[in-house]
Amino acid sequence: MTDQERQKAEELISRLELSVGQIFPRDNANAALLASMIQTLNGLRDRVMAEPQLARRVRFVSVSFDPTHDTPAALRQYGGRLMSDPRFEWQFLTARSVPELLPVLDGFGQDVRVEKDASGRPTRTMNHMLKMFLIDPDGVVREIYSLAYLQQPVMFNDIKTLALEADSALAKAR
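If you read the sequence shown in the numbering used here, its first letter stands for residue 1, the second for the next number, and so on.
Worth double-checking, as some hints may not be accurate.
As the list claims (entries may be wrong) - Straight line, CA to CA, 30 Å or less: simulated BS3-like cross-link-like pairs of lysine-lysine: (1) Lys116 x Lys131; (2) Lys160 x Lys172; (3) Lys131 x Lys160.
Simulated from the structure, these hints should not be mistaken for laboratory data.
Turn these sequences into a full structure, and let the hints steer you where they fit.
Right under this line is the structure:
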């Protein structure tokens with residue numbers, strides 16, 4: 001996988017502290033859902049940025065379901081406004097192909113079904129459950145947020161809890 005600047009995702013992930021990951025579709029059928037999700041994440045980002053010590057440790061990573069249309073250039077255009085604040089890192093990732101994307105989706109337990117037209121050909125419409133993931137510094141998924149739990153206060157408290165856990169583990173290691 002690569003980001004909007006064609007940097008390999010493995011390089012990005014190796015330097016994560018805390019990450020809120022989101023796998024997003026870009027098809028028109030989900031436009032309202034995507035807008036709501038981005039609004040929630042913008043509010044969460046604002047809360048995190050209000051605490052500069054925390055903001056340096058948190059990154060949002062959004063992964064596209066549509067490698068055919070969501071090229072690095074398209075993600076750069078889509079995410080430009082969201083990525084423009086140098087105080088907060090928000091990366092947008094895409095795969096080079098669907099076969100490259102499938103293990104990522106599988107690894108996160110993200111089931112996706114592609115709708116077919118009357119002739120049985122796949123369309124660009126994908127059905128799936130919205131999920132966001134809180135990932136700790138070791139790359140372990142610590143929380144999964146579905147639409148029912150996509151609440152800024154809950155997510156913010158979970159991020160702060162992980163930061164406290166990481167600080168505690170660091171202090172014990174000394």
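So, going through the hints one by one against the coordinates:
Distance hint between Lys116 and Lys131 is fulfilled; the C-alpha atoms sit about 23 Å from each other, no more than 30 Å. Distance check on the hinted pair: Lys160 and Lys172 sit about 18 Å apart at the alpha-carbon level, within 30 Å; holds. Using a Cα cut-off of 30 Å, the hinted pair Lys131 and Lys160 holds, with the two alpha carbons roughly 20 Å apart.
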